[in-house]
Amino acid sequence: MSAIPVHVPPELVRDFSYFTGPGMCPMRGGDPQGALAGLHDGPPVFYAPNNTYDGYGTWVFVRAEDQRRVLQDAETFSSHRRIFEKALGYDLPTIPLEIDPPEHGAYRSLLNPLLSPRRVMAMEAANRARAIELIEGLRDKGHCEVMEDFAFPFAVGVFLEFLGLPQSRRQEFLGWADKQFHGTPEERGEAIRTVIAFMGELVELRRREPADDFMTFVVQAQVNGRPMTDKEAIGMGALLFVAGLDTVAAAIGFDFRYLAEHSEAQARLRADPSGVTLAVEELLRAFPTVLMTRIAARDTEYDGIVIKAGDRVSCPSMVANRDPAEFTDPNRIDLSREDNRHVAFAYGPHRCLGSHLARRELVIAMEEWLRLIPTFRIREGTEPLTYGGHVFGIEDLQLEW
Amino acid sequence: MAATSSGSRISNSNGEGGVMRIEVLREKCQGHARCWAQSPDIYGLDDEGYILPGDIDVPDERKRAAWLGAKSCPERALVIHDEGETSR
Ligand code: HEM
Ligand code: SF4
Chain A
737 MSAIPVHVPP
747 ELVRDFSYFT
757 GPGMCPMRGG
767 DPQGALAGLH
777 DGPPVFYAPN
787 NTYDGYGTWV
797 FVRAEDQRRV
807 LQDAETFSSH
817 RRIFEKALGY
827 DLPTIPLEID
837 PPEHGAYRSL
847 LNPLLSPRRV
857 MAMEAANRAR
867 AIELIEGLRD
877 KGHCEVMEDF
887 AFPFAVGVFL
897 EFLGLPQSRR
907 QEFLGWADKQ
917 FHGTPEERGE
927 AIRTVIAFMG
937 ELVELRRREP
947 ADDFMTFVVQ
957 AQVNGRPMTD
967 KEAIGMGALL
977 FVAGLDTVAA
987 AIGFDFRYLA
997 EHSEAQARLR
1007 ADPSGVTLAV
1017 EELLRAFPTV
1027 LMTRIAARDT
1037 EYDGIVIKAG
1047 DRVSCPSMVA
1057 NRDPAEFTDP
1067 NRIDLSREDN
1077 RHVAFAYGPH
1087 RCLGSHLARR
1097 ELVIAMEEWL
1107 RLIPTFRIRE
1117 GTEPLTYGGH
1127 VFGIEDLQLE
1137 W
Chain B
893 MAATSSGSRI
903 SNSNGEGGVM
913 RIEVLREKCQ
923 GHARCWAQSP
933 DIYGLDDEGY
943 ILPGDIDVPD
953 ERKRAAWLGA
963 KSCPERALVI
973 HDEGETSR
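Protein chains in written order, with our numbering: chain A, 737 to 1137; chain B, 893 to 980.
In short, the hints are calculated from the structure, not lab data.
Honestly, I wouldn't trust all of these hints.
With a straight-line Cα cutoff of 25 Å, these simulated SDA-like cross-link-like pairs (lysine to any residue) come out [to be verified]: (1) A:LYS967 <-> A:ARG1096; (2) B:LYS963 <-> A:ASP1065; (3) B:LYS963 <-> A:LYS967; (4) A:LYS915 <-> A:SER1072; (5) B:LYS920 <-> A:ARG799; (6) A:LYS822 <-> A:GLY1046; (7) B:LYS963 <-> A:ARG1096; (8) B:LYS963 <-> B:GLU915; (9) A:LYS1044 <-> A:ALA842; (10) B:LYS955 <-> A:GLU1074.
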């Protein structure tokens, strides 16, 4: 769609796309993260002319060390991507995702305590009870479709609890989530507008009727010595929806799919459930789902490569996580791997705000699943649907036991 | 503890087996809390979940725990000084 800019040397242009490349299109039984591991045999930085859902070209940074340099340098590589602009017709920055330092710091300081390791521990019991209830509800069936029957309901339940919304809204949220993440471009736009409208109403409600919940905290907060605006509060609420549902559900999906295909790993974790924490980290390393995208804020040179202001720079976590320079035998999945400094939650100031909660969700899900469900496998005659794209995903994951 | 004068706690590393020191590059810390998850008694976090400022002297019996914690930092914010060697 977009022409290759003149400053990009032809020898650095590669026929590559997260959306249509090999292993990236939706397919049965694929391995989209594994499909990109081969990039380490090529150049450390290259240019892909059509590599976003809306047709932009991007630089692709392959090595973990280089991604760390890019993501830690927010002055040169900005996060303000205007992700909602197309759907809304105006820019409504998601906060803190699309805000650059130093402004970013004020929002993070406000939100960090709400999702700190200590705060997440306080949510543990309720989240575990939620997982147990869902799993017990399908145990006797002998089979299920993990994403719809467990992963999404679990992630949405945790999200509603965190936002202080009643669980009775779960079906409604599941519907929006489904359209937002898996719909056609029109459905996605529609879902984004619905979520924004919903957050707008919630902001208004909590200004009028304060409660002991997330949105009340946000609308009553001060940033830089002034009250939070409605637009900011909406940008925060909407981001939690976009950042904290699909990511968790997809991680659960890839984790369970791996276990379903490796019964010996199930047996080991059942015999020693204390291994689940490390296993979750290793599966986050092997099957991360998020691409970090940045926009060059100014002209810069990176190891001799000219990057112009406005160029998009992509740092795929799934590629950095298989960098042989940082992980021994990176394509081998070793559920007891220590020293596992993967980038599933990014590097730099935008490090996933929800990472502590997400980790606990994944550990709880795996622990309770292994405890309550006997040895499970991919359901005979089925294969899950996997795909690349903006957030890598898995669907139609049928298991039987 | 037994810090007799400023500087002495680092410099005796060529003596009795060496003192391990973790240098904390706080401006690099992004609050992953991996160090703390690994070794909470060594790596303390503030209320936002970022590492407390100040370098850390590690007693001999906690060396391995400190090493594992430092080596789990995705940002490379924890520098290990041990036996005259430096790594992160
Ligand atoms: C396994 C699940 C998850 C994964 C893999 C994940 C991954 C990520 C990544 C890679 C980023 C950085 C994006 C960038 O720099 O461009 C990020 C940011 C963020 N995530 Fe997560 N995330 C997960 C779960 C969650 C949850 C459960 C929440 C909320 C409760 C959450 C909230 C956020 C927020 C608010 C940001 C923006 C942080 C900032 O810009 O400072 N995430 N996430
Ligand atoms: S692991 Fe690194 S980034 Fe994380 S809290 Fe510790 S020092 Fe900070």
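Holds or violated: A:LYS822 to A:GLY1046, with C-alpha atoms at most 25 Å apart: holds, 18 Å
Restraint status (C-alpha distance of B:LYS963 to A:ASP1065 at most 25 Å): holds, 18 Å
Satisfaction of hint between A:ARG799 and B:LYS920, Cα-Cα up to 25 Å: The given pair, whose Cα atoms are some 19 Å apart, holds under the 25 Å limit.
Satisfaction of hint between A:LYS967 and B:LYS963, Cα-Cα up to 25 Å: violated, 40 Å
A:LYS1044 paired with A:ALA842 [C-alpha distance capped at 25 Å]: Violated - the C-alpha atoms of A:ALA842 and A:LYS1044 are around 29 Å apart, more than 25 Å.
Hinted pair B:LYS955 and A:GLU1074, Cα distance within 25 Å: Holds - the C-alpha atoms of A:GLU1074 and B:LYS955 are around 16 Å apart, at most 25 Å.
Hinted pair A:LYS915 and A:SER1072, Cα distance within 25 Å: Distance of about 37 Å is beyond 25 Å: violated.
Agreement of B:LYS963 and A:ARG1096 with the hint, judged by alpha carbon distance not exceeding 25 Å: holds, 21 Å
Restraint status (C-alpha distance of B:LYS963 to B:GLU915 at most 25 Å): holds, 12 Å
Agreement of A:LYS967 and A:ARG1096 with the hint, judged by alpha carbon distance not exceeding 25 Å: Status violated; Cα separation ~30 Å.
Hint check: violations occur at hints 1, 3, 4, 9; the rest are consistent with the structure.
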